[in-house]
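Line order of the protein sequences matches chains W and A.
With positions in the first sequence counted from 1, the corresponding number in the numbering used here is that position plus 1192.
With positions in the second sequence counted from 1, the corresponding number in the numbering used here is that position plus 1192.
Hints may be right or wrong, so weigh each one.
[Stated by the list, open to error] In silico lysine-lysine, DSSO-like type, Cα no more than 30 angstroms apart, as pairs:
1. A:Lys1252 <-> W:Lys1315
2. A:Lys1205 <-> A:Lys1252
3. A:Lys1315 <-> A:Lys1360
4. A:Lys1360 <-> W:Lys1205
5. W:Lys1252 <-> A:Lys1315
6. W:Lys1205 <-> W:Lys1266
7. W:Lys1252 <-> A:Lys1252
8. W:Lys1360 <-> W:Lys1315
9. W:Lys1205 <-> W:Lys1360
10. A:Lys1315 <-> W:Lys1315
11. A:Lys1252 <-> A:Lys1315
12. W:Lys1266 <-> W:Lys1393
13. W:Lys1315 <-> W:Lys1266
14. A:Lys1266 <-> A:Lys1393
15. A:Lys1205 <-> A:Lys1266
16. W:Lys1205 <-> W:Lys1252
17. A:Lys1266 <-> A:Lys1315
18. A:Lys1266 <-> W:Lys1360
[Claimed, not checked] Partial list, derived from the structure: chain W residues whose beta carbon lies under 10 angstroms from chain A:
19. Pro1284
20. Gly1285
21. Met1321
22. Pro1361
23. Ile1362
24. Leu1405
The set of hints was computed from the structure by calculation and includes no laboratory data.
Please read all numbers here as calculations on a predicted model, not as lab measurements.
The beta-carbon is built from N, C-alpha and C at its ideal position, and this holds for glycine as well.
There are 2 protein chains.
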Amino acid sequence: MAEGVRLIEEAEKNEIHPEILLYSDAISDRGFEAITYFQNCEVPIFQVADHLLERVSDTKTSQGVIAVFSIEAKPFSATPSFLLIVDRVRDPGNMGTLLRTARAAGVDGVMILDGSVDVYSPKVVRAGMGAHFSLSIQTVTVEGLLANFDELFVNRPRIIAMVVSEGKPIWSSDLQQSCALVVGGEANGVSNEMLEICDEKITIPMEDDTESLNAGIAGSVALFEVLRQRWQQ
Amino acid sequence: MAEGVRLIEEAEKNEIHPEILLYSDAISDRGFEAITYFQNCEVPIFQVADHLLERVSDTKTSQGVIAVFSIEAKPFSATPSFLLIVDRVRDPGNMGTLLRTARAAGVDGVMILDGSVDVYSPKVVRAGMGAHFSLSIQTVTVEGLLANFDELFVNRPRIIAMVVSEGKPIWSSDLQQSCALVVGGEANGVSNEMLEICDEKITIPMEDDTESLNAGIAGSVALFEVLRQRWQQ
Chain W
1193 MAEGVRLIEE AEKNEIHPEI LLYSDAISDR GFEAITYFQN CEVPIFQVAD HLLERVSDTK
1253 TSQGVIAVFS IEAKPFSATP SFLLIVDRVR DPGNMGTLLR TARAAGVDGV MILDGSVDVY
1313 SPKVVRAGMG AHFSLSIQTV TVEGLLANFD ELFVNRPRII AMVVSEGKPI WSSDLQQSCA
1373 LVVGGEANGV SNEMLEICDE KITIPMEDDT ESLNAGIAGS VALFEVLRQR WQQ
Chain A
1193 MAEGVRLIEE AEKNEIHPEI LLYSDAISDR GFEAITYFQN CEVPIFQVAD HLLERVSDTK
1253 TSQGVIAVFS IEAKPFSATP SFLLIVDRVR DPGNMGTLLR TARAAGVDGV MILDGSVDVY
1313 SPKVVRAGMG AHFSLSIQTV TVEGLLANFD ELFVNRPRII AMVVSEGKPI WSSDLQQSCA
1373 LVVGGEANGV SNEMLEICDE KITIPMEDDT ESLNAGIAGS VALFEVLRQR WQQ
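Kindly produce the complete structure, drawing on both the sequences and the hints.
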């Protein structure tokens, strides 16, 4: 379920059609333009009273438009050069932020490990700001991930796990070759299963070692470090 | 006002004493240890019923402890090498995140420009995770900031403003010398007044130029880019 004009526009941009779209008088002119696009695509569209729309809404203000999409996992490239693995991130805001940043950083796909927050829950979709419509996202178990790595990819990317301390400083790690960055959850970081199978552990050096960053921030800093290394290559 | 065990421990760590501290039966053993420290410092401490504590609390669960501090701005160093200027960031979560990241990145001080969210509001304090107790924070107008830059600092730091596009790519900007990084708000970015007086504009390159990052993420990526350049120097 996606609410608000921005998300509907993102769906349009990615040519992803909702199963059903509801709108009310509260919609803006800009929002109505996006609806017009879907009208021409034969999407079932219903105008409803604003107080009814608010009742199905997950937000305080739905901006007068709500659309429901079927979840269709985009296939992964067989030769990815940049993957993000999200390992039990439970905060919807952090999850959405990671997806939004992953898209801006140009990742080829995101694997969400069991135990993470539902990546399609409304809060995550909102915080993702449309990333759900363009990213390849798979929800997998650790076993499924390993199977995928062996079967799906022509060149197995190196698995790089982020740890709070005692990893290789991220700035001296070589992230130019094909890699899959593992970001752990708020409570316990990357799981032991992932730490066991990873090729390298990396840490963001800090001025004050007693500090920590939240999962969304730490992951975002790392995603853009990959981009930087390839940009400066 | 600071709620929860973690924040009280941060106050203890920084030897900052509350004006008053309230706790209830709901407090954990770990929380009680921090209280014991303040008891020995002659801080006024009162045990109250949990339902009363919850009524003054700003959160769903206060963890049984709330403390009130007077706001005392720590003086700035006259020779700072790394400042953060927050220009009209309105979201409390983004503001708190920026402060938390600024501390981890080792900034010498933070200037909050008029029009930003109240940096001492309970939500910002919570998201800051204790950064308020150790950072030098000043709330200033743009005029005040300029006066400070001329009078306060022996070596005027270069003012580097983050812009969404058309700035110098952050990775090729020289951030090794003394600088003040300006992070703009969610809605309109860095204000025109700051853009006029800045020495350089920088942009985080992205894979997809139509994307944007939230203010907390963009600022955090930049703060750690400063750290990286100095670390690799």
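Hints, one by one, checked against the model:
| no. | hint | result |
| --- | --- | --- |
| 1 | A:Lys1252 <-> W:Lys1315 | holds, 19 angstroms |
| 2 | A:Lys1205 <-> A:Lys1252 | holds, 25 angstroms |
| 3 | A:Lys1315 <-> A:Lys1360 | violated, 34 angstroms |
| 4 | A:Lys1360 <-> W:Lys1205 | holds, 28 angstroms |
| 5 | W:Lys1252 <-> A:Lys1315 | holds, 19 angstroms |
| 6 | W:Lys1205 <-> W:Lys1266 | holds, 16 angstroms |
| 7 | W:Lys1252 <-> A:Lys1252 | holds, 19 angstroms |
| 8 | W:Lys1360 <-> W:Lys1315 | violated, 34 angstroms |
| 9 | W:Lys1205 <-> W:Lys1360 | violated, 40 angstroms |
| 10 | A:Lys1315 <-> W:Lys1315 | holds, 19 angstroms |
| 11 | A:Lys1252 <-> A:Lys1315 | holds, 12 angstroms |
| 12 | W:Lys1266 <-> W:Lys1393 | holds, 29 angstroms |
| 13 | W:Lys1315 <-> W:Lys1266 | holds, 21 angstroms |
| 14 | A:Lys1266 <-> A:Lys1393 | holds, 29 angstroms |
| 15 | A:Lys1205 <-> A:Lys1266 | holds, 16 angstroms |
| 16 | W:Lys1205 <-> W:Lys1252 | holds, 25 angstroms |
| 17 | A:Lys1266 <-> A:Lys1315 | holds, 21 angstroms |
| 18 | A:Lys1266 <-> W:Lys1360 | violated, 34 angstroms |
| 19 | Pro1284 | violated, 12 angstroms |
| 20 | Gly1285 | holds, 7 angstroms |
| 21 | Met1321 | holds, 8 angstroms |
| 22 | Pro1361 | holds, 7 angstroms |
| 23 | Ile1362 | holds, 8 angstroms |
| 24 | Leu1405 | holds, 6 angstroms |
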